[in-house]
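Engineer: With the hints as your guide, set chains B and Z onto chain U.
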Amino acid sequence: MSDFAIAAEAPRASVRRRRFGFVPWRPALILVSVCMVGVLAPLIAPYPPLQGSLGDKLLPPAWLTGGSWTHVLGTDLLGRDILSRLFYGARTSLGVAAVAVVVSGTIGTTIGLISGYFGGALDAFLMRLTDVALSLPLILVAIVLVAALGTSFANVVLIIVLLLWPRYARQIRGETLALRERDFVALARIANCSHLRIIGRHILPNVVPTLLVLATLQSGYVVLLESTLSFLGAGIPPSTPAWGLMIAEGRTVIESAWWVVVWPGLTIVALVLSGNLLGDWLRDRLDPTLSRTR
Amino acid sequence: MSRFIVGRALQSLLSLFVVSLVVFYAARLTGDPTVLMLSEMATREDAARLRAHLGLDKPITTQYALFLKQAAKGDLGESTRYRRPVTDVLAARFPASLQLGSVAIVISILIALPIGVYSAVHRGTTLDVAGRLLAVLGQSLPLFWLGLILILIFAVWFGWVPAAGRGGPANFILPAVTMGWATTPAIMRLTRSAMLDVLGSEYVKLARIKGLPEWKVVWKHALKNALLPVVTFSVLLFAEMIAGAIVTETVFAWPGVGQLLISSVNTRDFPMVQATVLLLASLFVLGNFGVDVLYAWLNPRIRYGR
Amino acid sequence: MRSIRRMLVVACAACLSVLSVGALAAPEGTVVIGLSSLGAEDWLVPARPQANAIAVIPVFDTLLQRDDKTGQPAPGLATKWEQSKDGKTWTFDLRPGVKFHDGSDFTAEDVKFSYEVALRPESTSDMKGVFTNFVQSVEVASPTRVVFHMKQPNWEIVYKFLEVPPFFPIVSKKYFDKVGVQQAGRHPVGTGPYKFVEHKLGEYVKLEANESWWKGAPHAKTIVIRGIPEEATRVALLQTGEINLAPIGSDSLGKVKSAGLKVVRMQNLMQMVVGLEGQYLPDREGYDPKVPWAQPDKAKALKVRQALSLAINRQEIVSKVLQGMGTVEGSAGIQSFPGMPGFDPTLKVDPYDPERAKKLLAEAGYPDPSKISIIVDSTPHAARPTNSPVAQAVALYWRNIGIDVKERTSDYANLMDQGIKRKLAGVVWVYPTPAFDEPVMQLYTVTYSKARTQLFGEYPELDALLEKTVSEMDQDKRWALQKETAKWMHDNEIAIPVCYADMLWAASPKFEWTSLPGQVTVGYLNNVDTMYLGK
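Residue numbers (my numbering), protein chains in the order written: chain U, 136 to 429; chain B, 8 to 313; chain Z, 977 to 1511.
None of the hints are false.
Pairwise CB distance ranges, derived in the manner of DEER restraints:
no., chain 1, residue 1, chain 2, residue 2, range
1, B, K212, U, G335, 36 to 46 Å
2, Z, P1485, B, H129, 45 to 55 Å
3, B, L73, U, A283, 18 to 28 Å
Here are the computed lysine-lysine pairs in the BS3-like style, where the Cα-Cα straight-line distance is at most 30 Å:
no., chain 1, residue 1, chain 2, residue 2
4, Z, K1426, B, K65
5, Z, K1266, Z, K1382
6, Z, K1176, B, K80
7, U, K192, Z, K1324
8, U, K192, Z, K1335
9, Z, K1382, Z, K1347
10, Z, K1382, U, K192
11, U, K192, Z, K1334
12, Z, K1238, U, K192
13, U, K192, Z, K1233
14, Z, K1382, Z, K1276
15, B, K65, Z, K1397
16, Z, K1276, Z, K1397
17, U, K192, Z, K1347
18, Z, K1061, Z, K1444
19, Z, K1399, B, K65
20, Z, K1171, Z, K1149
Just a sample of chain Z residues kept apart from chain U, beta carbon distances all over 12 Å, derived:
no., residue
21, K1075
22, P1097
23, Y1135
24, F1152
25, K1197
26, D1329
27, I1396
28, K1511
I should point out that these hints are in silico values taken from the structure, not numbers from a laboratory. Built from N, CA and C at the ideal position, the CB exists for glycine as well.
The shape of chain U in the complex, shown without the other chains:
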């Protein structure tokens, strides 16, 4: 999602959208369940994720002919149980998403805050840096890193961070610019507060809601990104249980063994949907206090 999209989608102070109190409990439940599944995977998964036997290659789900209840959702190309890999996949995919979002959020927010607060040449420099980062194509970053460091969990996170941080920076900068003009900041300046204090105590707390909204909205996108990177061969190492990788590896049997691709696909859709709905609600909730500039 483009930074500009996020900026433009931000609610206007003049419009009230939703009543408070309507908590979207379904998406929240889904997100929490997925997290729980990821955490409890070793306890609830019927099989270890890497265990498989070629003899059980591409078994269909239990209720179809050829399937069996020993592998409820079927098996993949190497005879591994898909249900177990879905559970463990929650760890990997959510883990990648969580780490990537936290790291890029931190970097992006820091840069955005500094850029927006101090303005001037520093702002221009940082924003042009953000421009440069945004204009580097995904594939270049991905393949350079793979060529230099190989495929690994850390690498995928790194690639995603490099792609995401500019979006946070841009958005937070916009917020900071607006906040800087507010009365309470002016008062703090008059009271001779240090810059650090002002940023930390006055601006940052007001920026956090936007951050939360962004993070929630981005979470689904990150999982998708992991899938695209795996398709391009620059993602998670093979055999790792990860939803995006499962879809990418199953693309030659998309028709004949649809279950290899559909189950992880559905979980991704559910995750993105929940993330979006939750993020929308959060944004609506936190709406009235802030105004936005471009």
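Structural biologist: Quick look at chains B and Z alone, frame taken from chain U:
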């Protein structure tokens, strides 16, 4: 105003310059092109000679200086893989990307705009929620899966359109829809958001007081004002889309710049990688520049930064 | 009266037969081939390696061809070839009356010129190395006779003139002189069964039948070669009929068969060999004595390698991963193919015995297999990607006996680069090695310590064997030496051969390829002249 434009233009050029530097070094980090240019039976001397021929035995800073000198003359070098000037290869591949991108964004807007307007007008109803769910679906499916499924359904089962490859108008349909699938939700949400803004404004209130029919208020007056952010946003989206079209180009065998970039990186064709990234970056920087200028013109407060 | 009538009948019959032969000979139809890539789309042969020139293989002829049945050298543009007594001169008698596509005559001048093109400074062709190392000079003895003067006695050169690989096509000196090097590379002209018609960068190459080809007009009138990177898309295009032939992997077989498409099998085209990297000479910078199969204690290292081999269920790999498109039988000799020189049928393939594997590991000092850490790299080979699923299966078997296996994929160029630098210790990958006319031709380049590329292992004993084989002029003695090499590599389990694998193509139901290229062609587009679409 002109000072602002000049200032931003200079900054954009600086960005491009930095991009070229980053790409130059990053590309060379990926390894040695001679490994793939020669077969397994080649000798070490062959490799060394080839490297010298390609100018890769000089220190990186010298290579970059040479590159800049030639670039100033308009010569971006010769592709080590295609053995043609990189500009020739780009001239053959870029139009394909542009065409597909244009069709995709137009389809995207044509679908997203009405849904977005409808969503805004009938806010909170089932249609609104349905529209937004559709949007989420667009953002939660991996593009390569979508492309393959579309080929399966519309080309193989129904036989309505060709499956892949560049060609006549029919060949554009599936890849453009795939590409547009990701951008449609974003445009839709933006339209909805912008429309909601405008619909609550004084301007619209006045139009209603004047007694204009509701559909005219919505489609003629409100939309006109909402279009500005939507169009500018689409311009930026366009640039991003072309750069991100790699997956679509791979699945549909579309000879665009995305595919070119992948294969150039994979074969370590440094001049080609540099030129392609510079082209894509220019597109993006240009788009940004244009939007910045437009908004500064509309909102004087931004011009002065402080 | 009767005799006249009889004569008329005979005359009519004769006319009809001539007409029908003529009718058969007229090329018709279009065959569209969907390759995974068009390569570098730079056709300046013979200054380019064969991988780059795939799409223009049908445009050219080579001096010699491979006989379709025996695989031995057969006449191409050369009708006779002879080595002198001292082994230092090869004389080729050339076919008269052959014309290039632009109308100019083919003479010995063109052979000499092609040799010079391969030697150009920016040439990346394999022939460049061959010529530089082995050939002293090329002499035009007469318009139909060319002589290669060698630096020392050499038996390999004849194989290098056979079709693809490596690819020494003959180009026209007059054409190069007329249009210049650059244009000759953009629009190539040769003597082959198809003329180069059109090329759209990144999209396709169009070829048209050369009806006056010296071997007879080809079957199909037009050949279009397209580049389609995604395998699933290739299969879809076959189903819609937009293409007629495409290479596929074994996973697409189910889909292909159920869609009613034809499967073209090039049997046992490559051998899947598990390369246990790290067996470098001890003084190499990348040598790591802690790698279990490359440790200084040779006996223990051998036990580890044998254990790793016993843990692999080869039959299951062929039946489940390759869907039956492969063979385990006879695949015990590395780089050894049945019917080819050096093949030893007495070499036995290791059985599947995971229990014994664990026992051997314990004897080698690893009672707990999880202490052994292996990185299995399943990066697909650029041209023969079947190695990737095989590598993943091998990883699975090793994991099943308790070894700590980590998987990864790298960038193919990077992998090759690190292999060349001997920096891959501890990594295992599966190399899909193709057949060569004589195994030593490949082994000498990929497992010889003084060679640039290093795939299987560096051992002084192996070096000595290879050096001896290469310099042996007598064919029988040379083949015996290659048998000995295969046995040495087998007994010492330097690398682990898994099976032979087929190269698979999917085709339209009516597609015919009457003369499939043989084993040593590595699956390149040979014998395109025998492709056509039936009624």
